[in-house]
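Visitor: Here is what each chain is made of, one letter per residue.
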Amino acid sequence: MDLITPDFGLFFWMLVTFSLVFVILKKFAWKPIVQALKERELNIQEGIENAREARNELENVKVKSEKIISESIVERDQLIRQGREIKEALITEARTQAEAEAKKMVDLAKKHIEEEKIAAINQIKLQIASLSVEIAERILRKNLKDDRQQKELMNSLLDEFILN
Amino acid sequence: MSRILIIILLSALWADILYARSPEDNPADNPLEKIPFDPGAFIFDHIGDAYEWHLFDINGRHYSVSLPVILYSREKGLNIFMSHKFQHGKATYRDFRIITDGPEKGKIRVVLEDGTVDPDAARPVDISITKNVAGMFFAAFVMMFIFLVIGKRYQRNPNLPPRGIQSLFEPLILFVVDDIVKPAIGEKKYIAFLPYLLTLFFFIWINNMMGLIPIFPMGANVTGNISVTAGLALTSFLVINLSGNRQYWQHILNTPHVPILLKLPIPIMPVIEIVGIITKPFVLMVRLFANITAGHIITMGFFTLIFIFGQVSPAFGYGGAVLATGFGIFITFLELLVALIQAYVFTLLTSLFIGMAVDDGH
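Order-wise, the sequence lines are chains G and B. The letter at position 121 of the first sequence is residue 130 when you use this note's numbering, and the numbering goes up by one with no holes. The letter at position 151 of the second sequence is residue 162 when you use this note's numbering, and the numbering goes up by one with no holes.
No lab work stands behind these hints: they were computed from the structure. We put the CB at the ideal spot given by N, CA and C, even for glycine. All the given hints hold, so there is nothing to weed out.
Just the calculated beta-carbon pair ranges, DEER-fashion: (1) G:I13 x B:E86: 23 to 31 Å; (2) B:E86 x G:F17: 16 to 24 Å; (3) G:T14 x B:L66: 21 to 29 Å.
Stretches of chain B that chain G covers, calculated by requiring three or more beta carbons in the stretch to come under 8 Å of a beta carbon on chain G: (4) 54-66; (5) 142-156; (6) 161-169; (7) 183-189; (8) 205-212; (9) 234-242.
Only chain G is shown next, with the shape it has when bound in the complex (with noise of 0.2 Å):
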């Protein structure tokens, strides 16, 4: 067969392959594999952008998730200055208030001391009274059995009144 004069046989099968492999493909193989891979492709795409998205709000995350240590550390600070402060106020007012309460206890006791002590100095100037009465009244009694005796204690009594 000539090597530049076209064969219709030839030619003829090759239209009838080319037609039959075309359709076959075009149903079973092309398609799917143009609709997968564009699928894939959309797949990766939006993979990418996903994960440049989760990138950023992590980023963003993390700059708020540092705004906010630095905020409460302020916070904080400021919590246990404050906090100081009121120990100290608490613990000052509470001292001024003990030893106010100590001084006016500490009154009252020396005061019911001075009013117990002049109470047991009464009762004992009174003890006493009696007492002297007492033994005045026994000396007196004994003393004064005899008329010398009697005598003789006015004498010095009066000698003493005149002493003083």
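Dock chain B against chain G, hints included.
Guide: Same frame as chain G, now just chain B:
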């Protein structure tokens, strides 16, 4: 594995038709010593089409695979028989005979008793499964097998990375889609043309590659045959022009920005444009045919050197064999590249022409 088994069985079926006939009565004679070696005939026998698939010669015996001959003529009706009935073109069967010389060399004609062409009988319509048709069938079978398997895999799990044969073809598919079709046709319209252009690319490429493997059932010079490239060019022509929009046809029939004198009394521009429509696929046809055939001729040329040298002296032949085989391997590697480049060029140009035909204008 089962698929490989099917292929082996299929080839066994072919081998069943394998037959051997001796062309000479004394097969022990070495034909190389008697008949002077004709490299031209040898090469053109290999790159041409044939009714039988010649495998090898042993002691002057031809071993070939017989292929179905399908003939139709008004006088004799439909005739289907295996080509071994012709006994390598030496016998007449049902009044049909392969013409051995003259302008119709290699074709089947109706002959008279004495073996001369019957002048009254019409040429039979010949749609025989020739060597090239069988080779093309095999390539088409391989191609469908590959892409149906891949297609199924893509359908089943589109988001998994490609595996096995899929990872071999995915870069090529992506190459065709992203580097040939998409830029040539444009983002908006390329999808519709993908199935055709992918089929085109892989049909040409796989047939080119098959043509380089000289083992049955590969090695037929399919894409180096003008009928095949003409068929491909015809499909390309149809796709380009059937998808052409108003703008495209207006450009052809009434080219804008061209002086009216070039169009009106004598329609020079429209004629040029219409010739252009035809030359585009014609050039595609010739380019593919010429490139592949040239590659086969060069490769065969180097191998014929062995026999040419061998005719001078056997030692010279063996020495030449080393050199020629080296060159042959080199050219075969080059042909591997050409196989891909020609598939690429054919697909790229068809895509560009489609791109022009569907362009909306600017």
